[in-house]
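Asker: With the hints as your guide, set chain B onto chain A.
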Amino acid sequence: QQQVKQSPQSLIVQKGGISIINCAYENTAFDYFPWYQQFPGKGPALLIAIRPDVSEKKEGRFTISFNKSAKQFSLHIMDSQPGDSATYFCAASMETSGSRLTFGEGTQLTVNP
Amino acid sequence: NAGVTQTPKFRVLKTGQSMTLLCAQDMNHEYMYWYRQDPGMGLRLIHYSVGEGTTAKGEVPDGYNVSRLKKQNFLLGLESAAPSQTSVYFCASSYRTLSNYGYTFGSGTRLTVV
Chain A
1 QQQVKQSPQS
11 LIVQKGGISI
21 INCAYENTAF
31 DYFPWYQQFP
41 GKGPALLIAI
51 RPDVSEKKEG
61 RFTISFNKSA
71 KQFSLHIMDS
81 QPGDSATYFC
91 AASMETSGSR
101 LTFGEGTQLT
111 VNP
Chain B
1 NAGVTQTPKF
11 RVLKTGQSMT
21 LLCAQDMNHE
31 YMYWYRQDPG
41 MGLRLIHYSV
51 GEGTTAKGEV
61 PDGYNVSRLK
71 KQNFLLGLES
81 AAPSQTSVYF
91 CASSYRTLSN
101 YGYTFGSGTR
111 LTVV
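Chains as they are written, first to last, in the numbering used here: chain A, 1 to 113; chain B, 1 to 114.
Some hints could be false.
Derived coverage of chain B by chain A (criterion: at least 3 residues anywhere in the stretch with Cβ under 8 Å from a Cβ of chain A; other residues may be distant) [what the hints assert, rightly or not]:
{"no.": "1", "region": "39-45"}
{"no.": "2", "region": "83-96"}
{"no.": "3", "region": "104-111"}
Below, simulated DSS-like cross-link-like pairs (lysine-lysine); rule was C-alpha separation at most 25 Å, straight line [stated by the list, open to error]:
{"no.": "4", "chain 1": "A", "residue 1": "Lys-71", "chain 2": "A", "residue 2": "Lys-5"}
{"no.": "5", "chain 1": "A", "residue 1": "Lys-71", "chain 2": "A", "residue 2": "Lys-58"}
{"no.": "6", "chain 1": "A", "residue 1": "Lys-71", "chain 2": "A", "residue 2": "Lys-42"}
{"no.": "7", "chain 1": "A", "residue 1": "Lys-42", "chain 2": "B", "residue 2": "Lys-71"}
{"no.": "8", "chain 1": "B", "residue 1": "Lys-57", "chain 2": "A", "residue 2": "Lys-5"}
{"no.": "9", "chain 1": "B", "residue 1": "Lys-70", "chain 2": "B", "residue 2": "Lys-14"}
{"no.": "10", "chain 1": "A", "residue 1": "Lys-68", "chain 2": "B", "residue 2": "Lys-71"}
These are computed hints drawn from the structure, not numbers from a lab. Note that CB positions come from ideal geometry on N, CA and C, so glycine has one too.
So here's chain A without its partners, still in its complex pose (with noise of 0.2 Å):
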């Protein structure tokens, strides 16, 4: 049972252009919902993180939007760079629960010079 699903599976976008992954969650119980980066023989990195109690997070480049009663929230890339390109992972989490992290399937993101 895939409790968090990611689309799409990969995605090419050009330099400069945006990035947008989205995410789907089921357990309303989730109150923390983070994006990791992984790049090829690394472990994922936590790149940004959300808590349901605010619909968008900004830092930098990297935006997170977040739509509690739809059950969904979204990766967007500004400027996407050759060295974004990189695996995503969308994970969600419940503090009560030993805050277990429930990640998506991932994207694997290709942005072209």
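Answerer: For chain B alone, coordinates are given in the frame of chain A:
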């Protein structure tokens, strides 16, 4: 400050062999986790620990055992390896409250079972 260190980085096992993956963290994190990563499936939780001496099952615990005898170490054991356990294994650690810090992941162990 090494963060989360996993050993070994690569391993090839024959079906039926056993092995232990070691995870060590130096950040005094309370919580530790073992995930496996398979193509198209994201990361799936195998086992986790919320403190020294405690462990709990995650989403895909069958065929694995864990121990956390010291706060800084979390061991993952495969008693009788199967080809279905071919995967990349990641250890992670975190504070009790994820807040702005989230997980710190190790660099992974690539395991092949033949």
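Asker: For every hint, state whether the structure bears it out.
Answerer: Hints versus structure:
1. Taking a C-beta to C-beta cut-off of 8 Å, the region 39-45 of chain B contributes 6 residues in contact with chain A, enough for the three needed, and the coverage statement holds.
2. Requiring three or more residues with a Cβ within less than 8 Å of a Cβ of chain A, the coverage given for the region 83-96 of chain B holds, as 4 such residues are present.
3. Counting residues of the region 104-111 of chain B whose CB falls under 8 Å from any CB of chain A gives 4; the rule of at least 3 is met.
4. Between Lys-71 of chain A and Lys-5 of chain A the CA atoms are separated by roughly 11 Å; this keeps the pair inside 25 Å, and the hint holds.
5. The straight-line distance between the Cα atoms of Lys-71 of chain A and Lys-58 of chain A is roughly 19 Å, inside the 25 Å bound, and the hint therefore holds.
6. Of the pairs offered as hints, the one joining Lys-71 of chain A and Lys-42 of chain A is violated, with about 30 Å between alpha carbons and a cut-off of 25 Å exceeded.
7. Only pairs whose Cα atoms come within 25 Å are accepted, and Lys-42 of chain A paired with Lys-71 of chain B is accepted, the gap being roughly 24 Å.
8. Under the criterion of a C-alpha separation no larger than 25 Å, the hint pairing Lys-57 of chain B with Lys-5 of chain A is consistent with the structure, at around 22 Å.
9. At most 25 Å may separate the alpha-carbon atoms for a hinted pair to count; Lys-70 of chain B and Lys-14 of chain B exceed this at roughly 30 Å.
10. Annotation: proposed proximity of Lys-68 of chain A to Lys-71 of chain B is violated, straight-line Cα distance about 36 Å (limit 25 Å).
In this structure, the hints that do not hold are numbers 6, 9 and 10, in rising order.
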